[in-house]
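Asks: Listed below are the residues making up each chain.
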Amino acid sequence: MSEEVEVLSGNTLSEDVEKVVEKISNTTVEFRVPRVNCPEHIILVVDVCHEVGNTPYRLADGSKFSALYMVKRALTLFLQNKHAIDARHKFALVLLHNIPVWISDFTSDPQKIISDLELAEERPATTHCDLSLVFELIAHQISLPKCSNPSVVPPPYMYRTILIYGRSHCLPQFLHGKELFSHLIQSPHFVLDVLYTHESPSDNNKCEGIFDLLCGLDEGGWSYVLEVSRNATKLHNYFGTLLAHPFQRPVQKDLSYTLVPKD
Amino acid sequence: MCSRLLLSLPRLVLLSLLTAGTLIPMEEQASLNNAPLNMFTRQMEYMKVNGVPGVLFSDCAEISKASEAQGVKNKGDNGEILECRPESYSENTLLIKLPYAGTNLTIHLLFNPQEPWMVPEMTFSDDRFTSTITLKDLEDQVPSLNEWDTSTDDILAQLVHQVLQLYRGYQLDRLEEDEILQIQYESLLKALKIGEGDIEVSVNSTEQVSTTSSFLMRLPLSLQDVPPVLVDANPGTPNTFLQVDFPRREAAFVPKLHLSSCVESLIGEASSLALPTVPPGIGVMDYVERIMELLEEKVRRTILSFETRKQFIAEVLCQFGCAVVEYDAERFNKIVVMMEVKDFHFLAFISLGSLFPQQHGPRVVLQSLYHNSAKEPVSKELTDLKYSSQWKPEEMVQHTKEAILANISSFQMSSIRTS
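One line per chain: the protein sequences are Z and R, in this order. For what it's worth, my numbering labels the leading residue of the first sequence as 410, then goes sequentially. For what it's worth, my numbering labels the leading residue of the second sequence as 56, then goes sequentially.
It should be emphasised that the hints constitute simulated quantities derived from the structure, not laboratory data. From the three backbone atoms N, C-alpha and C, an ideal C-beta is built for every residue, glycine too. It is possible that part of the hints are untrue.
As the list claims (entries may be wrong) - The calculated lysine-lysine pairs, modelled on DSS-like cross-linking and capped at a C-alpha distance of 27 angstroms, are: (1) 481/Z with 120/R; (2) 389/R with 662/Z; (3) 435/R with 662/Z; (4) 353/R with 397/R; (5) 397/R with 473/Z; (6) 441/R with 643/Z; (7) 441/R with 481/Z.
As the list claims (entries may be wrong) - Chain R regions said to be covered by chain Z (calculated; three or more residues, Cβ under 8 angstroms): (8) 205 to 219; (9) 225 to 238; (10) 310 to 320.
To be verified - Where chain R lies over chain Z, by a calculated footprint (3+ residues, C-beta under 8 angstroms): (11) 442 to 448; (12) 458 to 469; (13) 475 to 489; (14) 636 to 650; (15) 662 to 670.
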């Protein structure tokens with residue numbers, strides 16, 4: 410992005426802005442790609458497993474909704490908002506049960522994904538979750554853009570996988586190797602984000618262990634790994650967080666949304 | 056009705072002036088009895104790719120087959136008008152329509168159906184031009200007729216170029232007969248510092264009251280300071296043309312501006328740019344200088360708008376960098392930020408556009424993360440945003456922030472009600 414941040418002559422910018430402009434060009438975190446909002450091709454991997462004993466979301470008015478129902482609602486807002494931000498973004502849908510199934514191919518029409526998502530039903534929990542199959546499926550469905558100079562030239566599009574994992578008792582693991590996962594992750598044009606929805610952590614479940622495993626998927630430090638228990642507002646907030654473009658968003662630890670009035 | 060320039064010469068004389076061209080093998084001859092349009096596919100493709108040489112409006116040049124309605128009309132025995140279509144007339148005629156100085160010059164090329172590879176007979180839509188030029192003019196200035204070779208890709212392009220040079224010379228000769236127009240022409244060349252190739256002149260006889268003389272000139276509007284990302288957004292050459300019609304000697308001239316789509320995307324459509332009215336007695340040169348000032352001002356505004364948008368976005372990033380969702384990093388037209396007030400999270404879409412900052416301020420829409428209708432999230436556009444184009448970006452962002460804060464409660468209430 411160096412061409413867009415040259416400091417304008419005549420010093421029309423305030424000192425603070427100049428600092429930001431300089432920071433963007435000499436970032437402390439080394440960016441692998443220019444900070445351009447190229448179209449995203451987003452693969453939504455939605456876990457449809459329902460484990461015995463799963464607690465529902467309870468809203469303030471007393472109504473109860475299953476975890477999958479809440480995810481569908483929040484995901485609908487995510488899709489509508491992402492489309493409003495830039496109509497070039499595309500979405501694909503994968504449902505994860507014992508094996509991942511590619512349900513909808515890439516489309517820029519959020520309504521298509523929303524309709525397909527509506528039809529997804531909860532399935533009984535399986536004993537294991539094989540992440541190798543997920544990334545094998547993705548690797549076969551996508552074609553990473555070829556870019557001669559990725560740190561300078563923005564790609565025509567990039568891929569983001571958002572894994573929405575919902576089990577509190579089943580550890581997700583690479584049962585058939587990590588080669589395809591590693592191949593995807595090493596590309597500057599492939600980003601993985603994780604949203605973990607789970608029961609309240611306790612000795613009776615494996616939520617903490619699962620969360621650690623999912624954090625381990627963030628090998629490069631570019632991912633967002635978020636977790637939420639049965640808090641509907643927080644779930645929707647996190648889908649808001651996930652709206653951010655991977656090439657332009659701050660790293661997760663720097664996120665701060667509070668709007669403070671000027672005193 | 057077209058006059059047939061070369062019919063006055065015996066065919067023998069014509070043939071002796073021309074070389075035989077390349078010898079065509081028998082098997083090729085069989086395939087050459089296609090209509091001329093098919094025969095010249097490569098040559099037409101060449102002109103499509105390389106442009107039609109010698110005309111300013113090369114995008115508007117057309118090559119086609121003569122339509123059947125253009126058959127020659129004859130009077131029948133009883134005096135009634137008959138349409139007499141020579142056999143295969145349309146199949147063997149290529150029309151090359153060239154825009155020139157606000158009008159059109161059409162070259163008709165009539166090919167011999169028995170020997171389609173031979174040099175065609177040529178006539179023009181401009182009768183006076185046809186009757187003025189001599190065989191010597193053609194010999195000297197249209198040498199492609201002597202070197203006619205249908206296997207050469209650029210043979211049509213060469214012919215068109217040479218005919219246009221001849222036509223240009225013819226028009227300039229006629230210009231010398233009109234002292235006032237001649238002076239206007241020369242002063243334009245000098246004032247605009249353009250070459251003769253950048254201006255087309257069409258001089259029409261003053262005896263015919265309805266005809267108009269015209270100048271069509273390429274204005275030297277420079278886009279070199281415009282950020283490349285804005286210029287590259289539209290394909291094609293950035294061209295700015297001004298056509299000036301002189302309807303009658305005493306009446307004021309009529310200006311028409313033509314802009315290529317690349318230029319229109321930067322400064323607006325030609326039809327929306329109000330050209331100043333022509334004051335009586337003003338010379339074309341002075342008027343054109345005013346137009347240039349107008350256009351240059353528009354370009355400056357486009358550049359200023361871009362720079363201000365960039366500064367505004369940088370200011371938003373400075374204040375909200377840890378909450379940025381997405382922004383237009385090439386044209387700086389939009390930025391989306393996520394915000395939180397008292398645990399209520401929402402999105403703020405801030406759009407700028409090319410009329411910012413001079414004509415209006417940022418457009419701010421608050422959008423919900425929690426509530427939606429069937430098609431879209433609940434949203435609210437802020438209508439009470441204070442704005443002045445004189446403010447620095449820092450002030451603009453500050454006022455935007457204040458307007459958002461002032462509207463949050465009502466937005467929160469209405470989104471619960473609406474969903």
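Asks: Is residue 389/R within 27 angstroms of residue 662/Z, Cα to Cα?
Replies: The hint holds at about 25 angstroms.
Asks: Regarding the pair residue 441/R and residue 643/Z, is the alpha-carbon distance no greater than 27 angstroms?
Replies: 33 angstroms, violated
Asks: The region 458 to 469 of chain Z covered by chain R? Criterion: 3 or more residues, Cβ-Cβ distance below 8 angstroms.
Replies: violated (count 0)
Asks: For the region 475 to 489 of chain Z, does the count of residues with a C-beta closer than 8 angstroms to a C-beta of chain R reach 3?
Replies: holds (count 3)
Asks: Test coverage of the region 205 to 219 of chain R by chain Z using CB-CB distances below 8 angstroms; three residues minimum.
Replies: Since 0 is below three, the answer is violated.
Asks: Mind taking a look at whether chain R covers the region 662 to 670 of chain Z? Criterion is 3 or more residues with CB to CB distance under 8 angstroms.
Replies: Holds, because 7 residues of the region 662 to 670 of chain Z bring their Cβ atoms closer than 8 angstroms to Cβ atoms of chain R.
Asks: Are 3 or more residues of the region 442 to 448 of chain Z near chain R, judged by a Cβ distance of less than 8 angstroms?
Replies: holds (count 4)
Asks: Holds or violated: are the alpha carbons of residue 353/R and residue 397/R at most 27 angstroms from each other?
Replies: 45 angstroms, violated
Asks: Are residue 435/R and residue 662/Z close enough, with their CA atoms no more than 27 angstroms apart?
Replies: 30 angstroms, violated
Asks: For residue 441/R and residue 481/Z, compute the direct alpha-carbon distance and say whether it is at most 27 angstroms.
Replies: Judged against 27 angstroms, a Cα distance of about 39 angstroms means the pair is violated.
Asks: Checking C-beta pairs, does the region 636 to 650 of chain Z have three or more residues closer than 8 angstroms to chain R?
Replies: holds (count 6)
Asks: For the region 225 to 238 of chain R, count the residues whose Cβ lies under 8 angstroms from any Cβ of chain Z; is that count three or more?
Replies: violated (count 0)
Checked against the numbered hints listed earlier, the structure breaks hints 1, 3, 4, 6, 7, 8, 9, 10 and 12; every other hint is satisfied.
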